[in-house]
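Position chains B and C relative to chain A; hints supplied.
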Amino acid sequence: MADAASPESAATLILLLPVAVPLLAAPLVAAVGRWLPRLLVDALALAVAGSVLGLGVALAVLSRHHDVVITAGGWGDVQGHPVGIAVVADPASAGLVALAGFVTALVLVYTWRYFEDVDAIWHALLLVFLAALSGLVLVGDLFSLFVTLELVSVVGFVLTGYRVEAERSVQGALSFAVASTVGGVLSLVGIALVYARTGELGLAPVGRALAAGPHDALVPLSLGLVLVGYLVKAAAVPFHFWTAGAEMVAPTPVCIALSGVMVTTGVYAVGRIYHVAYQPALPAASVRPTLLGLAAVTALVGALMSLAQRHFKRMLAFSTIAHVGILLVGIGLLSPAGAAGAAIYAVGHAGAKGALFCVAGILLSRFDTVDEGQLHGRGRPLRGTAAVALLGGLALAGVPPFGTGLGKAVTEDAARRSGLTWLVPVLVLAAALTGAAVLRFSLRCFLGWGKPAREPGIEGRPDEEPEPDPPGRLLISAWLLLALSLGAGVAGTAWGAAAGDRLVDGAAYRHAVLVGAGPIRHATAPAGWVWGGVPLAVAPVLVALVVAVLWLAAPPRVDVARGVLALLSPLRRWHSGRVGDEVTWMLAGTVVIGLALFVASR
Amino acid sequence: MTSRQRRLVAVPVGAGLAVVLALAFHGLPAFGTAHHPYGDASVRAALALRHTANAVGSVTFDQRGLDTLFEEFILLAAVLGVRLLLRPAAGEHQGTDPDREPRSPAAVRATVLVLLGVTAVLSVSVVLHGHLSPGGGFQGGVLAASGLHLLYVGGGPRTLARFRPSAALELLEAAGAGGYVVIGLVGLVGSGSFLANDLPLGRTGSLLSAGTVPLLNIVVGFEVGAGLVLLLASYFAQERLAEGPR
Amino acid sequence: MTALAFGVAAVVLLAGLYGVVTSRDYLHLVVCLVVAQSSTYVLLLGIGYRAHATAPVFSDHPKGPVVDPVVQALTLTDVVVGATVLALLLALVVQAAKGAGGYCDPDALNDLHG
Chain A
1 MADAASPESA ATLILLLPVA VPLLAAPLVA AVGRWLPRLL VDALALAVAG SVLGLGVALA
61 VLSRHHDVVI TAGGWGDVQG HPVGIAVVAD PASAGLVALA GFVTALVLVY TWRYFEDVDA
121 IWHALLLVFL AALSGLVLVG DLFSLFVTLE LVSVVGFVLT GYRVEAERSV QGALSFAVAS
181 TVGGVLSLVG IALVYARTGE LGLAPVGRAL AAGPHDALVP LSLGLVLVGY LVKAAAVPFH
241 FWTAGAEMVA PTPVCIALSG VMVTTGVYAV GRIYHVAYQP ALPAASVRPT LLGLAAVTAL
301 VGALMSLAQR HFKRMLAFST IAHVGILLVG IGLLSPAGAA GAAIYAVGHA GAKGALFCVA
361 GILLSRFDTV DEGQLHGRGR PLRGTAAVAL LGGLALAGVP PFGTGLGKAV TEDAARRSGL
421 TWLVPVLVLA AALTGAAVLR FSLRCFLGWG KPAREPGIEG RPDEEPEPDP PGRLLISAWL
481 LLALSLGAGV AGTAWGAAAG DRLVDGAAYR HAVLVGAGPI RHATAPAGWV WGGVPLAVAP
541 VLVALVVAVL WLAAPPRVDV ARGVLALLSP LRRWHSGRVG DEVTWMLAGT VVIGLALFVA
601 SR
Chain B
1001 MTSRQRRLVA VPVGAGLAVV LALAFHGLPA FGTAHHPYGD ASVRAALALR HTANAVGSVT
1061 FDQRGLDTLF EEFILLAAVL GVRLLLRPAA GEHQGTDPDR EPRSPAAVRA TVLVLLGVTA
1121 VLSVSVVLHG HLSPGGGFQG GVLAASGLHL LYVGGGPRTL ARFRPSAALE LLEAAGAGGY
1181 VVIGLVGLVG SGSFLANDLP LGRTGSLLSA GTVPLLNIVV GFEVGAGLVL LLASYFAQER
1241 LAEGPR
Chain C
2001 MTALAFGVAA VVLLAGLYGV VTSRDYLHLV VCLVVAQSST YVLLLGIGYR AHATAPVFSD
2061 HPKGPVVDPV VQALTLTDVV VGATVLALLL ALVVQAAKGA GGYCDPDALN DLHG
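Residue numbers (this note's numbering), protein chains in the order written: chain A, 1 to 602; chain B, 1001 to 1246; chain C, 2001 to 2114.
Bound-form chain A, shown alone:
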């Protein structure tokens, strides 16, 4: 490793720094933060997040031709058996590290001198969160993936339940915690099964061993169990019930991190685990139907439910679920083009969703509510915020300059090329309905269209979450996030193609870890990617606008709103908010996924 050409050795030296640097800063900040001037603590945390962003970009560039592989502690094989933990950077994982750094930095800017009463614990926890996310995407070992998953969860539910005085905050955090824990237990059972079968924990050695060994029920069932923990994080249906509750009650900056980065790393882990560890034993054709079925259901449930919400943050949470469905379609196609679409979409979505949560934060700080009915027309003076909200809604619908548009176009193209054209209307509908929900809210709130809402739904309480600061900084964060989304669409093709190509190529990953550097990789985007088909790019936007306008401006005898809500009421009753129900559906989902994978593999 060390005597390769200089950029390679530089890459191996910095590979674990995105984990080590925040983990060094976090206890420092937690312990001495109270004695340092607040500005210094803020600046230090911001510098750390910025350095992770820089490291992520550097690793993405350094790994563009070869995966960068190290073993933590410098361990090699002993008696022909790997004993250490492999850590691997490629454009996909390095890109996610950079995304995590960028979003965390923005969250820190947002909360500049916020949360005065808890010293620097807030900053310390955010830095640990950043380290955990970086660790999750970089490690190449099943058990390390489990431990980083648990670390992400723990920090996640602490930050979600931050406002302990609010009853609903505690409920949301509890729901998140119980779901994560059940998911973690099931994943660990799967990991134990894999270890018993193969005697390995590293992703690459497991892949090699599963290819050789008996192909019986244990292989697909253990995959199903292992994936559950990550599907919970990714908020896929039916593991998604915690998301709507948690993102409703969590402080807005936390929502940006959860929706933007955390769910993306869950989706990434699903793809990575399958391609490196399981693909030799379970061919793509047997796994694809299950993943795509899951993806389609997730996209549609999220989109329909988002339309039925009057609480803006809950609406955004359901739209995140829908967009995770779109991401899972890209990953579930198990093709380089699909994964590339998902990668670009992930960055575009993180930017757009983060910007919309900033809008929610601005509304909370001005009006103490995010309820669609109570906000009717009150947003008229907030021109800049209105612009962000409308652009964000259009971005969710997949308008072309944004990363969501490009990612969706690439994914649709990949679906058609795989012969799975039925996915295209699913993607169009999911994007259209979530865009419609946000546009409807924005038109009602900022332009005063429609009547003050009478539909049922969770009402925002006026004393909900006092957010103290004036919205100037929030607006800057919002524009920066929209810029990220736009940047992904305009300049993300090269990175997306490389990320998708390498995420799917489990054989190259296994070769890099087990043998050594392989041949130089080049991934070029096919020429037809530039903006996909124009009709497909424009259709969801038009549908979104039509739905939003119809909802608001329908003549009195044609009550579109009431009709739609009545149709959706079984789906809404399914979301009962009770933790017992959530866990029941999670277990049912585990059984269905496990048995589907099992049956498909025979």
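These are calculated hints, taken from the structure and not from any lab test. Being a predicted model, the structure only gives us computed values, none of them experimental. All C-beta atoms, glycine included, are put in the ideal place defined by N, C-alpha and C. Some hints could be false.
[Unchecked claim] FRET-style restraints, in silico, Cβ to Cβ: (1) C:R2024 to A:L542: 47 to 53 angstroms; (2) A:D559 to C:D2111: 44 to 50 angstroms; (3) A:A491 to B:P1012: 46 to 52 angstroms; (4) B:G1032 to A:A507: 31 to 37 angstroms.
Here is chains B and C on its own, set in the frame of chain A:
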């Protein structure tokens, strides 16, 4: 769903899960099998390559030290989280004046004092011998933190009310967590590999052996001990809040 | 013997999850989660067992067959993770119970519905 409906749904779901587990577990190797390739390799790595008598400690802190780093920070995050979640709200106040609580009997207090001494010595011993015999940073830290429980059992609310977690504990906890990262970075600077075990390895079985493993045990012991004391103190503080004025 | 060892793990897991699903008290629910997690300890340690072998600690005995130390390290990590998650869940339950007068029924905490 109502509770009854949920029980009705839970039965087939539970049956399905049982089927999944049965099918999957059917493929497990026999209980007591002699085939443990990773285990054998790690034992050889621990003994021959790293002179660590406690193979589990070697796996935890040397071979898979990265996992333990994350694990340590899960504990740190949990301690910070509990302090955050159980912080006294604006309207809450501390309970009665501790000096008005009854003292516990002298015999109990004397026993507790002796046991505290034993606990302290035992916990230090377990931490320091982590690379030689079963034990280590986590186990020793938990033992040390159990001293707080002893205080509670023996001294009652009066003693506990006097116990204010000092800044020293927070510094100790942070030093433990940060110390692990620092040792890792020293390895990075020294031999180009994060968490590399570069220190002299000594003779297997002696106190000064196994390189960084005893050092990592010590920092983890500080972090776990101090962290758990802080965590338990948050809970005890909550209990005093809950009782309210009498 | 194999069926017994791993069957125990499966039964404990199912029992814990059943408890989580049907619980009427949040404290009971959290303890059932702990029970479910402990099934993974049984599973892991059962996988690592080697017949007629002793503990993988060599300060007493210089050589000989030992059980799998990797699995024991994994279980140690699992225990720590489980304990920390338990601590956080209990903190949340304490706060939830405050609002509800000291007793917390999970089915009653359903504000976040629809």
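Structure-based check of all given hints:
Taking the beta carbon of each, R2024 of chain C and L542 of chain A are about 50 angstroms apart, inside 47 to 53 angstroms as hinted. Roughly 27 angstroms separates the CB atoms of D559 of chain A and D2111 of chain C, a value that falls outside the hinted 44 to 50 angstroms. Separation of A491 of chain A from P1012 of chain B is about 51 angstroms and conforms to the stated range, judged on CB atoms against 46 to 52 angstroms. In this structure the supplied range 31 to 37 angstroms holds for G1032 of chain B paired with A507 of chain A, their Cβ-Cβ distance being about 36 angstroms.
In terms of the numbered hints stated before, the structure departs from hint 2 and from no other.
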